[in-house]
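Peer 1: Put together the whole structure using the sequences plus the hints.
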Amino acid sequence: MTGSIAQVTPAWYLVLASVVFAIGAVGLLVRRNPLVMFMCVELMLNAVTLTFVTFSRMLNDVNGQTVVVFVLVVAAAEVVVGLGIIVALLRKQPTATADDLTVLKG
Amino acid sequence: MLDLVWLVPALPLAGFLILVVLGRRMGEPRAGWLATAMCGGSFVVTAIVMVALVGEEEENRHHVLTLFEWIKVGGFRVELGFLVDPLSITMALLITGIGTLIHLYSISYMHGDPKFSKFFIYMNLFVFSMLILVLGSNMLVTFLGWEGVGACSYLLIAFWFSKDANASAGKKAFVTNRIGDWGFMCAMFLTFATVGSLDYSVVLEQAPLIAPATATAIALLLFLGACGKSAQLPLFVWLPDAMAGPTPVSALIHAATMVTAGVYLMTRVSPILTQSYDWAPSIIAWVGVITALFAATIALAQTDIKKVLAYSTVSQLGFMFLAIGSGAYVAAIFHMITHAFFKALLFLGAGSVIHGMHDEQDMRRMGNLKKYMPITAATFIVGWLAIAGVPPFAGFWSKDEILLSAYEKNPALWFVGLVTALLTAFYMSRQVFMVFFGEERWRDADHADAPEPHESPWKMTLPLVVLAGLATMAGILNLPFGNRTHFLERWLEPVVGESEHTVTAAASAQIGLAALAVVGSLVGVAVAYRIYYQHKMEPVEPAIMAEGWKYDTSIAAFMGGPGREAFEATATFDGTVIDGAVNGVATLVSGSGTKLRKVQNGFVRTYALGVAVGVVALLAYFLSRVTF
Amino acid sequence: MNLLEGLTPELVVFVLAGAVCIVGALGVVLNANPVHAALSLVATLFGVAVLFLAQEANFLAAVQIIVYAGAIVVLFLFVLMLLGVDRAEDLSIDALGRGQRVAAGIVGLGILALPLLALASTGGEATGARPPTTAPNAIDKTTPDINQLGESLFTTYLLAFELTSVLLVIAVVGAVVLARKVKRADYVEDPLVPTVSEAPR
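Those sequence lines, one after another, are chains A, B and C. End of the first sequence sits at 106 in the working numbering; the numbers just go up one at a time, nothing left out. End of the second sequence sits at 1628 in the working numbering; the numbers just go up one at a time, nothing left out. End of the third sequence sits at 2201 in the working numbering; the numbers just go up one at a time, nothing left out.
Hints are all accurate, no fakes.
Using 20 Å as the maximum straight-line C-alpha spacing, the simulated DMTMM-like pairs for lysine to aspartate or glutamate come out as follows:
1) C:Lys2141 / A:Asp61
2) B:Lys1598 / A:Asp100
3) C:Lys2141 / C:Glu2056
4) B:Lys1163 / B:Asp1359
5) B:Lys1171 / B:Glu1147
6) B:Lys1598 / A:Asp99
7) B:Lys1115 / B:Asp1359
8) B:Lys1371 / B:Glu1360
9) B:Lys1371 / B:Asp1444
In case anyone wonders, no lab produced these hints; they're calculated from the structure.
Peer 2: Next comes the structure, spelled out in structure tokens:
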């Protein structure tokens, strides 16, 4: 009994990643501040990188870690552009939330 | 040396491209000289290729030079290649040779025209297209040239398009040709469906294996195409109107080269014609001879100097189709060559007259021009004797060959042909007497101050002299004195040898027929002399003939009346039913789009929710696939 | 009573780091003040970095701290301070109505439950064929992971790696364009907003 508890299997990591991902997803859907929404996206990304690293060890394959490097790069680029957009928007209307930006509605 | 053949069409193409870019800057007359030089260069190259071809064994005189693969779709492959054999090289030599002379002539004729360089752009493009037509190694390349010459013909007929009649003449030519092109295309489809290739070398080799019914269909569809291009009944109406173009165009395109494309095509596919039912060549022969007679009767009563020649061209083309229908392909090509010489000569002569008369085309206002334009008159008279069939001029020999073959096919064909030959001699004599002899009629009450006619400059008379020489001598190509003097026949033997009808008539019968033909011609000339020179007989020029048997007007009336209604009904159908269906789909899409665009409410979190729902659905789907 | 015996270092590390992760994530979502949310995010990122370490991804752990915690979160905070939008958000209402909240909850539950279900249905083991230990991309315990990562990046994924450089350049250019002050004359009329003279469609 105790032995099975002591064994931290990859499944544990995956469960943790799922939880963080779900929290991020819910946050994205619930929060209105575009910056916070962005942070939630980062949460989801981190959850995914965690699964990649987990699988990398579990499958004994270094490429899983390579992918994480790419995720990091993409995340950095995305944050730069995303924050640029947010800065441009909020400079015009400092109190704007995501719900105020409906210019592109059909 | 044969590899040079690509240069033959390439030079006029280069001329065309250079003139498109620089033509305006080069201006007059340099643009014309460039075009002439390109055409002349092409002639020289053709001559070189011909010499190379003559140097080969008779059975090896068939070369296909492929430039590149043009179309490749599944089993359908078309290469852009040139077929070098005696027939195509003969044609190319004719086109470039006469083309060069007419280019030279045009430099002077088009003098002072504001669109001088554009004229030569079209002319070079025409020569290029025509060479593609005759040199093409498969039907599709020929068709490419076929459409190209059609387009150039349209552009050149409507060259002075600011006049309404010229523009509609161009349209008429284009539309009428389209009917023929439809036949050509259907023939190609059928050929490909039957043989699986469009290459002449394959198709003609397989021709004996084609079912007679299919061969007949292909032959008749091709003949429909030829009817359109070569102005045979019922599609000849565009050619007389095509005289609206500049006279060199009439000479080059509507007398010497383009209109003979149909004859070339039928000769090229002669094995298919041989394979078809017997009545198919008979149809061709009868259509040809009836067209010849029909056009000749119309030519009797025309007063426009170019219209006479136009109907005469239709008539002479009818002779060529009579030859093809009688299986005398060599005679058809022979007549085509001689006709190209003397008809180009006559047209250029007419152009020279028009030029000298300051754009007067009505023969009733000419007369005694031999005094003012001696070179033009002398050369025109040579052309007249050639077309009238007076020995030893070229036209006599070629027409005699045709009539001989027609006689062996069916004496009735021969008889109609003979009558036509008589009429030809008559109306051409009428023209010569009205224009070059008799009284000077250009000054009358209305035109009291009409200027004196004058002889044309050397650039115009030189081609006339050269063509007059050719029109005199071209008979040598194929003299009927035994096998040794049949140069053209032996030269074309590798191409048409198997399909060619062999003359079986005895020498005495041949001489008799020839004598009858000569008598017919002389009778025609004599009657015209009595009427139009001595004025001892009343001219018979019924109005209905002057109006071309009301053929054109009745077509126009039909198309303007019931035809128009049918087209309008089609247009209404198209507008309501077909467009309605199309527009209905569009309305449906835009209507549902208007409804659906409400979904795009602009709230980014709603979109995110949509993505998340999709993710859950996908997860559920994959899970169900894995687990259950 | 051998409870402590089962407490292996890995277990302890996992439980602690996992707790930090989840608490941080909840903090991001539940903190009304965006500055606090950003700080919670740092906690999560740190926890993930620790979990990377626990799984012998040393290089990635370092990068996680440097790039994420060090650069990205600082960038977030920088923007917050620059624009002065650090006022708290009223979380009790939602402009899109209750439906958005309820739907978010259901979807979030689905996103959480379905992977767990997948794990449970495969006996706690995610599927996937294990490559043999002799495969070229197998993790070699004797060489540092940074060496193996470098080799993988600069051989197998060289093209993708080069493309990321293009991506970064584009991002920089985009950021510069976006952050530039727009002149009044450069404004473009919105064609979808009907002007007074134009009748509505």
